[in-house]
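S.K.: In order, the protein sequence lines correspond to chains A and B. For the record, in the first sequence the residue sitting at position 19 is 19 according to our numbering, with numbers rising by one throughout. Plus 384 on top of the position in the second sequence (first one is 1) and you've got our numbering.
Keep in mind the hints are simulated off the structure, nothing from the lab. All values reported here derive from a predicted model rather than from experimental measurement. Heads up, the beta-carbon is just placed ideally off N, CA and C, and yes, glycines get one too. Careful, some of the hints might be misleading.
What the hints assert, rightly or not - Here are the simulated SDA-like pairs of lysine to any residue, each with C-alpha atoms no more than 20 Å apart in a straight line:
1) B/K656 / A/S34
2) B/K707 / A/H87
3) B/K707 / A/R90
4) A/K162 / A/A191
To be verified - If the Cβ cut is set under 10 Å, some of the chain B residues that face chain A in the computed set are:
5) R442
6) G645
7) P675
8) K678
Protein chains: 2
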Amino acid sequence: MIITAVNVQIFSYPTRRAVDSAGHAHPGDVTQASMALLRIKTECGNEGYALGAPELIRPYVLDGFVRKVLVGANAFDREKIWHDLAHWQRGSASQLTDRALALVEQALWDWAGRKLNVPVHKLIGGYRDKVPAYGSTMCGDELPGGLSTPEEYGRFAETLVKRGYKAIKLHTWMPPVSFAPSVAMDIKACAAVREAVGPDIALMIDGYHWYSRTDALTIGRALEKLDFAWFEEPMMEDSAESYAWLAGQLDIPILGPESLGGKHLSRASWVKNDVCDILRAGVAGVGGIAPCLKVAHMAEAFGMDCEIHGNGAANLAVVGAIKNCTWYERGLLHPFLNYDEVPAYLKRLVDPMDEDGFVHLSDLPGLGEDIDFNYVETNTQHSY
Amino acid sequence: MIITAVNVQIFSYPTRRAVDSAGHAHPGDVTQASMALLRIKTECGNEGYALGAPELIRPYVLDGFVRKVLVGANAFDREKIWHDLAHWQRGSASQLTDRALALVEQALWDWAGRKLNVPVHKLIGGYRDKVPAYGSTMCGDELPGGLSTPEEYGRFAETLVKRGYKAIKLHTWMPPVSFAPSVAMDIKACAAVREAVGPDIALMIDGYHWYSRTDALTIGRALEKLDFAWFEEPMMEDSAESYAWLAGQLDIPILGPESLGGKHLSRASWVKNDVCDILRAGVAGVGGIAPCLKVAHMAEAFGMDCEIHGNGAANLAVVGAIKNCTWYERGLLHPFLNYDEVPAYLKRLVDPMDEDGFVHLSDLPGLGEDIDFNYVETNTQHSY
């Protein structure tokens, strides 16, 4: 099954996500955003797709690396293609990023699933057909009625529980929010949410990522009293020593690393050195579904859980095929937005959640993205 | 794809492999041996197969564990089925062995490959279409003209190189051979083989498994002088400390663990504690293709190679789908036997080797075992 073409369509779609001066998503007015549809085609006419940010897969990335490795290769040779692309990254990682690598690999999985008429999670080897989701909030803001006070977090948490969520993860305030970062406000928001939802909802926090060791310890102790399920990325992940210091003192599980580079190899170092209690990896962050599975399986070999970072079809496929993960991350969520609204370029949600808080794995062949190709065609800005 | 039936046929086939009083295979007269064909059937009528020793999958294993977990399950849910069976092993591992677990899991992979019309190595994600093999000799013996002297090892090595092998692994003498174990004889055999094949053939040794630390060190130093590629299992693998002691002193890579239980979890301990230089796992030994992949991928995350133990279609499928493995183990070989002869119950070899020493991965759907079902039917002794 030789790959004959790899193409990209950049199309526009309406969004209500706005990005602040530090890169965090918040609700905003409806604007037009751009999305890339990566399309891999084989000699038999079958195609595989992946959706991602246009900047990941600019023409120089597609021509400089992706087409060179993929065109002429067997689309089933995912492991070979992945390693060949990963080798290209030496010296070129600023162009061919791990996220670009993940996008390409994702499209190869999607191709295989569509070609074989099987969902990707079953291709990997299924573990489950549904998974409980945690509602993952947007970062705090200064929008009245939004996520601007601990009380607003509490009220939003109540609506999430009504929607069915059995777990909630707070992203708290970060600069440029005027009062951020604030240890005291983070703790207050966590306390307000615990108060609002009672003892039976699992809670986690993912706040400011540049706290000092001692601030992180202060928050961690407060979270222990509030019976939080995990404490995520309070410090720069480049300092494994800081995480080992923190994890060594706290009972609350420390989760990581999420944004650290180094794919499955850096996670191996964290595991070896007892840097965290629960491992973390997401498909985009570690360069694909296969390396994400490698991280999760390594965690299993060490008796650790591995919670998968991020929403979307590819992460959900991984969650569906591993045992040592409790939750699917659904979001980001905000009082002003409706996550259950289907994006314009899809015909249905990739992660529909029932009223008991379970997300159901897709039965569709491939990754489970039911792409509205008519919409994409109609709204294509340019192709290459 | 619900599993509706799991059945076993025990059939006889002629073999020239005889087993000595300590369980090692040697050439012998033609006798009839028994083999189990495990057959998993789904509602759509598709079947998956695995071949193995009858004692792995006796009726009480099939009824007590396998059918309970499999019948009614989705055949694509390999990860779920594997964990459910593995949980049964607590307290029952003497009945439901890791090898039995592997047999069942292998049949599920074969089912998926046959169902989807794809070789299993491509289903996993292919890395290569051919792999160099090492000729893996039988253990030494006292058969004149066989493997009874260092010189005979040397002569046999020459014929293996003529056949195309670019690497040879010696299994040396073990009790009940009268003069075994013998550090001196092991070293002499290694020296004779190096002398016979010259400097450009890769050589490895897998000898007596119960040497003392100091005997192992003596052999290791001799192997370093003979430029051997690895040193395999010279001591009991239950003593990880002994391996760490040995690996810490020798430059020649120490390979392991092979026969140690504990699946991917025990390998994690070896990796964490720098017990070996090259990791080892085989499909049967670690309970299946998936755990074998988990070991290999963990090794990759730690920058280590993982050489796959044993011949056969399932191990070859793993080798075909991973990068960090140099060789396929082809054998066991002996001057009196012809490994290239197709077993009576197959229509072709699972691991055909060309004259350059490369084994070619199968294009057949499933694991690549071209089973002669007529032969199996005709020679079935009993079924359950």
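S.K.: Each of the hints needs a verdict: does it hold here or not?
M.R.: Hints versus structure:
At roughly 45 Å between alpha-carbon atoms, B/K656 and A/S34 are farther apart than 20 Å, so this suggested pair is violated. Restraint check for B/K707 and A/H87: satisfied, since their Cα atoms lie roughly 12 Å apart, inside the 20 Å limit. Straight-line distance between C-alpha atoms of B/K707 and A/R90 comes to about 18 Å, which keeps the hinted pair within the 20 Å bound. Using a Cα cut-off of 20 Å, the hinted pair A/K162 and A/A191 holds, with the two alpha carbons roughly 19 Å apart.
The interface hint given for B/R442 is broken, as the beta carbon of that residue sits about 26 Å from the closest beta carbon of chain A, more than 10 Å. Interface restraint check for B/G645: the shortest CB-CB distance to chain A comes to about 14 Å, outside 10 Å, so the restraint is violated. A distance limit of 10 Å between C-beta atoms decides the matter here; for B/P675 the minimum to chain A is near 9 Å, and the interface restraint holds. For B/K678, the interface hint holds, since its Cβ comes within 10 Å of a Cβ in chain A; the closest pair sits about 4 Å apart.
The earlier numbered hints that this structure contradicts are 1, 5 and 6.
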